[in-house]
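Just so you know, the sequences run in chain order A and B.
So the first sequence is numbered by the numbering used here: it starts at 1 and just counts up by one.
So the second sequence is numbered by the numbering used here: it starts at 1 and just counts up by one.
Derived from the structure by calculation, the hints contain no laboratory data.
None of the values given here were measured: they were computed from a predicted structure.
Fair warning: there could be bad hints in the mix.
So the derived label-pair ranges between C-beta atoms look like this [stated by the list, open to error]:
no., chain 1, residue 1, chain 2, residue 2, range
1, A, Ser-83, B, Ser-41, 46 to 52 Å
2, A, Ser-631, B, Pro-216, 45 to 51 Å
3, A, Arg-64, B, Val-212, 52 to 58 Å
4, A, Ser-19, B, Thr-79, 57 to 63 Å
5, A, Glu-656, B, Leu-298, 32 to 38 Å
Here chain A is said to cover these stretches of chain B; the calculated rule only asks that three of the stretch's residues, wherever they fall, bring their Cβ under 8 Å from a Cβ of chain A [stated by the list, open to error]:
no., region
6, 126-133
7, 209-218
Every residue, glycine too, gets a C-beta built ideally from N, C-alpha and C.
In case you want the letters, here they are:
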Amino acid sequence: MGEPVPLLELDDVSISYFSRAGEVPAVTGVSLKIFPQEALGLVGESGCGKSTLAMAILRHFGGRGRIVRGTIRFAGRDMAELSPQALRHVRGGAIGVVYQEAMSALNPSLRIGEQLAEVAVFHSGVGWSEARHQAVAMLSRVNVPDPERVMAAYPHQLSGGQQQRIVIAMALLPRPQLLVLDEPTTSLDVTVEAGIVDLIGSLRAGLGTALLFISHNLGLVAQVCERVAVMYSGELIEEGSVRDVFVAPLHPYTRGLIRCIPQPHLDRARMRLRPIQGQVSPPGERPFGCVFGPRCEHFTSGLCNRGEIALVADESAARHRVRCVRWREISEEIPQPMAPIPRERTEDIALVVTDLDKFYSVESAGFWRRLVGAGRQEIKANQKLRFRIRRGQTLAIVGESGCGKSTFAKVLMGLEPATAGEIRLGEIDLAKLPVWRRPPEVLRALQMVFQNPDETLNPSFTVGTQIARAVRRLGVERGRVQISARVRELLGLTKLPMAFARHRPSQLSGGQKQRVGIARAFAGSPALVVADEPVSALDVSVQAAITELLLEIQRERGTTLVIISHDLGFVRYIADRVVVMYLGQVMETGSVEELFAPPYHPYTEALFSAAPVTDPLMRRNRVVLSGEPPSMLDLPIGCPFHQRCPRKLGSICEIEPPPMRRASEGHRIHCHIPLEELRGIAPVFRAGPT
Amino acid sequence: MTDAPVLSNETAAPHGSTPIGRVLRSVARLRRSRVGVVGASILVFWIAVALAAPLLAPFPPNQPLQPMAPPGTHAVGGTGVFWLGTDHLGRDLLSRIIWGARTVLVIAPLATLSAFIVGVSAGLIAGFKLGWLDELLSRVTDLVLAFPALVLYIVIISKFGASALNIVLAVTLASSPAVMRLTRGLVLELRNRAFVSAAQLRGESLWYIMVVEILPNARGPLIVDACLRLGYVTITIGTLGFLGLGLPPPDPDWGGMINETRQFALVFPYMVLFPCLAISSLVLGFNLLADGLRELSLQD
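Bound-form chain B, shown alone:
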């Protein structure tokens, strides 16, 4: 007397029980999207480069060696080859790019994470509570979004000084409104689902409903947005470096490298080209991964 017995994918179940199993399964699923695989490979490449920087970099990144050597020049004294050439101060570009990966791959995720913590919390509250709280949060959001982001960065960084922490704070302030809006929209759609009513009817707290009932079901679009946003933040960090608002010299920072050498760009284009390529490839990696994830989420 039951409509139970036939179950289509009985075998698909066992994995999902543990969190590790679930992560493994999502990684395995990503293989189905070619774009996603390419994006993930680029990211894995850069993460590996950043982790192994001391082993990979042929020269110390901040040491002046031989100014303006074109790519492929053999170092005087036979200590090695400047594969990508050196900058105007004689620092090896390859080593600076390798070490610079560390900077961006620490700051970009931190800044994105922080923007998501603020934006998702505000979006959950605004979308679920509605009323004056929503009105207030939404208007503050509008206010920040109405400001040109670049002006915001310049004001904050020039006021509080250039440091990793201030970059993270500035990015959080500028990006969290967009995250808030996205989250709010997702919550507005989810809050009227019957399972949310069911939770209310068993007397669950507001906090439980927002975090346990609603948030997990908004994760798909949020993860995709996080990947895209990592890309934007990477560009932002590059821009800040280029404007001289990035990390203080001499530590290598891709945007800063472009800024320092841009006056030589016409004569020695490689000095600007290679840091640019590094930034683009990393952003491309994030974007392709986001596309791949979106493709997967549309499949099921």
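The shape of chain A in the complex, shown without the other chains:
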């Protein structure tokens, strides 16, 4: 029979960008094969060249890029030799593409129907009515409800998840042999992402399309693909089956990457994150020899930096290749187990939130409605929130975008006033105390770490100046000498070199900026720090380092942490107690142990089952929610979750707000389903057959 013919074959491909500064290599010497009907995941951190590679396959660069070496063959033909006309038929025809931002992939001024039909007309050469017919069929295939109505809609009238489904339908319409997905779910909520991922899986099975799935999220790749290629600094460093690579990775980078992702199914007592040291070298300054050398714990001078390192095959596994000279000796080594970080057990209360409401009133669109005064509508961003935060513990508030978790942080910090209710810090009620009326000791006690590292620091001033200002306002130190000593202490606390005091934020990487933000928050030794998605904007290997840093500072200082996050793996690792929110209301609260085991609230169960896991051997009960969270403007009556709840009882869920059920002393579930029944739900995760 012989070797099957690969659908896509990259042979020693190198791509460079050319700018004023000269040639900057983005991808060097990548060789890859994708066979028909195969799903290959391409993973790596930002800047590793994975998107560049995908664009190169379609020979589509932003003007400045060029393939400087190697060939790309698709279905046996060299893409470089295709005429522009032939290329246009391959793009979007034989190779479908789905990008991260669905909104920018769709033309905002054309109806969905026209955009979809256009694709069929161009690539399949059918007439318009036949094309519309095919488009409707494809829309129902990607599970878009009411396809006829959607065909007549404009992109902005649809939700993000719907848009992404439409882009997928558009890519699949000409029945491509290969579908390239570039971070297709990154901007979506976890429960919506789970739906898209399931859809991709089922479509593959039905259509027999090969996939190139590009993602920074190893868990998604483990779920969608059977093979995976890992890129680092423009080079392919490991390739193999998902099972081989994720269970027994060979390259130190892959091993490190997998060890630094917190897993939703593993408790902190059972795994400890091991951050990879250092950061990715910028393109153009890549080291000689092994590109991972400067960050590798197994780096051996004279061996790893001697010359170019070849991709070698591991004979024991099928098509498993690794670019490391020491992989054989390293794979014997078992890393020293690190002591798990104990959880804080305390009953001391730091903060009590009682029946907190935060409503925004918005003017509705429409001149007439405003004129007759019917225009004001209320957004109930937080409704009757009620929980306690214990001293020295970490409380995580979990939920999807728009669930009101960030609003709560703003109210707590005094950036927005509450509508009703109490937030009690000792004797003071913070709920209606705006930040400019808070006494200095309250300002000192409550500080915040922000999400976006690029916005957290003022670009106009040096790091030292900014930390010093925080020390002057919040700290006890007075006088130049004392303040600069404190700045150095804070830089040390966040493990930044002293020289950084003189640097501007633009000279730092994302992780470093986040460290400075943490240093600034701790300037006045706060009792409580709120961190709003502190790691979600960072690269995977940096996330672990920041997570460990927060835990370490907390242990050292006894700080109470309030973490706001959508990432259950991160939450399970960092938190002691968890509050799950949906549409502005608390669904479930409990300690980490209680929350991640039955009884679950059905929403917690769905979130938990949607969380990506890197372990391909893990089996789980998949609970995929239909639809997306409804608009905050028309909240459902009764239980806010009833429209999407897979365990809905009946009309009672639509009429009555759910009762609070106490599963144990600190574990509360807001649901109509009796506790006994919730206890009977099977756990989401169970170890797979090994």
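Using the hints, position chain B against chain A.
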């Protein structure tokens, strides 16, 4: 255990610590934009001309010498050459243009500065405070912008008289609304950045947040706009002079020179042409510099 050690441009740091170092660095950076260099050269040329006017001007600017002498005429009595000719009253055009540079290069920057002080302050307050204050400032702005600027100038100057101060005030009134709008837009975008929240959380005053946290980060577009606006103001001053609303005669003023000689323009076009060229080149200098600065700001 830190993602620190590799730092790409360690060497770029030392300069920026002192204000002088920072200015020097920006000047050095401007060299990267060819358009910017041309613009800056034109400006430096005119500033040098204005500063050295007493040395450069061959004749006193207001002295009638020899009416309607074409360019290149030798003065009677061999005292020199009228390189650009003389006007209808016999004043040397070159000397008047040289001295006129002083007028425009004092009034235009002053007027622009004053428009920026008013516009930036109003924009900062409106964009940061929002609410009724924003509503009030924005509506006043709309009101001024709805007025044809020229009518505004004519009304103000004819009411209060033609003087340097009144020109500055009129330009301030007419230009500050646009500056206010620009600033407000920039503030609206910056006020939601996390570093502004961080400042609020340490209890910084409103004034500190607006001036120290927000304003420095809006400086790029504001500087570019200031350069463009200097150009507009130069044209405005020329227009006012042309309409007879500029500086009172006989002091040389480029716009006024065009106005005084325009009835001879068909016979002696050079009388109008040279002051026009002076105005255009100066405006061009400001505009090219603005383009260059914008180009640089897009680079990083």
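List of violated hint numbers, smallest to largest:
Checked against the structure, the hints that fail are numbers 2, 3, 5 and 6, while the rest are satisfied.
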